[in-house]
Amino acid sequence: MIRKLLKSLREFKKPSVKCMILVALEVVMETIIPFLTVSIIDDGIYGGNMNVILKLGLIMLGCIIVGVISGIGAGAHAANASAGLACNLRGDLYSHIQKFSFSNIDKFSSAGLVTRLTTDITNVQTAYMMSIRGALRAPLTLIFSLIMSFTISWKLALIFLAAIPVLGGGLFLLIYKARPLFTKVFKTYDNLNGVVQENVSGIRVVKSFVREEHEKSKFGKISERLYKRFTKAEGYMSLTSPLMQFVMYLCLIVVFWLGARMIVLSGNVELTTGKLTSLITYAMSILTSLMTLSMLIVMITIAQSSGKRIVEVLNEESTLLNPANPVTEVKDGSVKFDNVDFSYCGDETKLSLKQIDLEIPSGSVVGIIGGTGTGKSSLVSLIPRLYDATQGSVYVGGVNVKDYDIETLRNNVAMVLQKNELFSGTIKDNLRWGDESATDEQLIHACRLAQADEFIAALPNGYDTYIEQGGTNVSGGQKQRLCIARALLKKPKILILDDSTSAVDTKTDTLIRKAFRDEIPNTTKFIVAQRISSIEDADSIIVMDGMKIDAIGTHDQLLKTNKIYREVFESQQKGGKNNG
Amino acid sequence: MAKRYDGATVKRLLKYIVGHSKVLFIISCICILISTAASVVGMMFTQVLIDEYIAPLLLAAVPVFTELAIFLCVVGCVYLIGALSTLVYTRLMVKVSQRCLKSIRDDMFDHMQSLPIRFFDAHTHGDIMSYYTNDTDTLRQFISQALPQLFSSIVTVLGCLIVMFYYSPLLTSIVIAMTIAIVIVTKKIGGKSTAFFVKQQRSIGNINGYIEEMLNGQKVVKVFCREKKSEEVFAQKNKQLYSDSRQAHKFSNILMPILGQIGHLQYITLALVGGIMVITGFGSLTAGIVVAFLALSKSFSMPIQQISNQISMVSMALAGADRIFKLIDESPEADDGYVTLVNAKEQDGNLIECAERTGVYAWKHPHHDGTVTYTKLLGDIRMVDMDFGYVPEKTVLHGITLFAEPGQKIAFVGATGAGKTTITNLLNRFYDIADGKIRYDGININKIKKSDLRRSLGIVLQDTYLFTGTIMDNIRYGKLDATDEECIAAAKLSNADEFISRLPDGYNTMLTGAGAGLSQGQRQLLAIARAAVADPPAMILDEATSSIDTRTEKLVQSGMDKLMKGRTTFVIAHRLSTIQNSDVIMVLDHGRIIERGNHDSLIAKRGTYYQLYTGAFELE
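Just so you know, the sequences run in chain order A and B.
Just so you know, we're using this note's numbering here: the first sequence kicks off at 1 and counts up by one.
Just so you know, we're using this note's numbering here: the second sequence kicks off at 1001 and counts up by one.
Since the hints were derived computationally from the structure, they do not count as laboratory data.
Glycine residues also receive a C-beta, built at the ideal position from the N, C-alpha and C atoms.
A couple of the hints might just be wrong.
To be verified - A few chain B residues facing chain A, derived, Cβ under 10 Å:
(1) Leu1215
(2) Val1221
(3) Cys1225
(4) Glu1227
(5) Ala1235
(6) Leu1241
(7) Tyr1374
(8) Thr1464
(9) Gln1611
As the list claims (entries may be wrong) - Only some residues are given here: those of chain A computed to face chain B with a beta carbon under 8 Å:
(10) Ala78
(11) Asn193
(12) Glu212
As the list claims (entries may be wrong) - Heads up, simulated SDA-like pairs for lysine to any residue below, C-alpha to C-alpha not over 20 Å straight-line:
(13) Lys184/A with Thr301/A
(14) Lys99/A with Thr118/A
(15) Lys1298/B with Met284/A
(16) Lys1095/B with Pro242/A
(17) Lys232/A with Ser1021/B
(18) Lys18/A with Gly91/A
Turn these sequences into a full structure, and let the hints guide you.
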């Protein structure tokens, strides 16, 4: 996992390495300083020698200058390297997601992807910065301090050597215990956020049903669980600093006792008071670095789950790939389905489409009607290759859709999705998604066809009206018409409307279809609809039932031969006949 | 930065921390004090050891170590007490901080439930979520890590200062001078860092917004082959974030090494000055005192560095707390209603309140003089001369007047944006009208308690929203104490039972992501079942049947007709076929009722309704 993440380091390998080298230098300087202080204390202060103090002071000053320069350098490089890693990782992740097919997108929720691109990457960034600064610093400090202690007095240094496994073991045990608990905590945290998210999204339902108290108790339960788990996990971690203090104090007392005896018995030769004080300094830095190391491990544990989630996305292979020698031209708008089976998850026992055979000549109008979940949307989404057929093949313009360059195919097969989106920006910006270089006249023309021109013109800022994120400042029907106009600007050979006029009133709906018939007669049009009136003038109508094609024919044929179609027709006609 | 939040926010935050566990907090503070005192006193032991034990022993002919042993026993006891106090306060602080965070979270959520719909209109979901994630997270770090450390650092600094002053006022003045240098450096570098952190937060917000919008519309991006373009814009924002983040961390990273080296510089200066003083005998300093002073100065500058390092964390946490408190202070949905809805039964021609569910409801209306009257809930709804605008400058409904008699079916027809949904939003008081009156069974709805008003109105909303949980849970949302049988009966009524039983897990099918696995039609069937189980006296159906396929809709229609029987119902639908049997049809245009009547009379009138109606079948 870590290797996969570090792949995104690229040009920031250099600052990372520089940072580590400078950290090493900084650590060396920091460990030399207490060593110098031994002589300052022993020879200078106790020995009453001003020259020694001055000389060593100057050397120390040199160390300080080197130390501060390397410290600043290390810090700056660490910031650069970690921000760079985050930047590259974010970029890689984003481009990777852009390669995703519809089935990949279905697999990850968009909220999940957003978290990965934001919070998770920030966590990795922090962990990486801490690692390159601390991961080297702590063990280096430990080793250097230990070496220094040995040169001062190997006998006393043995005490530290004994203390390290005690503290290290204790810390390891605590982390070992706390780690799974933290994983649980973060899972609970996700659940809590999930509850809030649902509450906010469904606030109107909550308020309509007066379920505020119910929601509170739902939240309260999970918040209580989070509290308990957090307390437990943090409880283990809170033991680290008292443990550290116990070991440190124990060390100090042993050093005091043995050290004092050694000084006295050797007559201030084998060990001096100056050496004793610097030993104590080293003891502290040894134990502190162990502590830092353990904190680092916890940090990395927390970041680990973030890293895992990022890698999960990076490892997701796009299920749709461009062919090796793609066809880059779509000849015409004919469509053929050859014995197609389709399942969203690729599982042949859970088919969403069964044995579809179809031939649609270029330029015809095809209506598709059928009950909820009978496979209407699945059928049309195979045409622009949003998904791949599980069995059989789909042909557009006589060529298998898998042989086309995906961009070519989708530019020629415009689909207005059932769940469509507008993006923040002016109406013009949104329309130009269909054609970057479209002139204002072309925009207006497309909007006229989609019956959107009238309401746009009535807006105070017309085509320059700013659309809010998600298109919240236009009504459902207006949004649908804008989406249709946007698709029209592609000048596609095939146009698919997947229940795209459901929020548009019937009169406008009729006008849109009339405009299509008059203005773009050569475009093949697929219209998925619930209203018979939306499709009855189509060249052929497909009736879907139970993931299969139940019948194909014209309105008149189907009325005579197809039971489902007749039923639907009558249910929509009832009022009309009684009163008409 | 920090100054703006000082005072009130800090006070309030402290109240949260202390308020929920006063005793624990006080014990923790005492333990921090003891633990810190032990470590400060511990620093002095080196000097005492050297000056009072080692030095005399060195001079003694036959060194006796008993006194030293006793001294070390005392030291051991002090250390033990120190370590034990650390143990106690760290454990307690976990409890205190987690309890505080829990109560902040709970308060936030509880308060959020009482906020008006307008609040949710004005804030994006991402923005609201970040109260619970980013803001609470910074608080968590602050309370559980920074706060105890800050406290113990301050105590250490003060302790050290006192001891140092006791040893040598002159040397102490050097330490103070150095500390001033540290403060200046921290202010300079820290200020820069904070400025860039603010910039970084802004870039993060910017890129988050972009990511959210693009990923939510990712399928559209794919259909239009806009991947490249979207990557380009992203790369630009990403670059900006990189440079801000780099600067912010750079300044915060270099602070520590600089401060650390200032600490060393202080050490040399002290050694030099101290050495001179010992040698010249000025100020009668002993070598032991200088050595101890050197050690003390180290333990003095360490916490100062820690405090400096945490300043950015503190200001971030206070900014978070400030935002959280703003949410908690957000004024809740005003509810001056005092008329409540109660179960009732009729006895001797009078309405009597009762506890059990009788199917008969009454409005309980307390009066100023202490008397209480009961009005039977019938579902008689009158709107008179109602004006409304989401913003005061723009009125979207003009002079709406309508009368719905009990049990009537009132339908709204009109183009999108004509104001159909808005009218129903006013009825359940998601928003309040600007002018006019709404009476419910003769009672001004402003006098009815909002929760009771809403309980009397069943709603199937335009956007069906389902919650994570089983299908059964979702239906039960309409009536929390409904039995499984009741839920299934409701599902049968709304014809949802058919598709539910076809699912592998039936009613126990888990729904996630707002019912992502279901089709829109199926989700709406569930929403209808949810409303059906609530069994409300009046109903609002907002475009509920608009995207169910016509076959299913026929089934739904029959179920709905059963459900609507005896209830006042407001229907908003696009297809005229679903509303032809309505008692009254209102044709809306630009926020005004332009036609009203039943189907036949409207057809006879040959007006807009007639045009709409015939328009739908124009192609026949």
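Out of the numbered hints, which ones does the structure contradict?
-> 7 and 18
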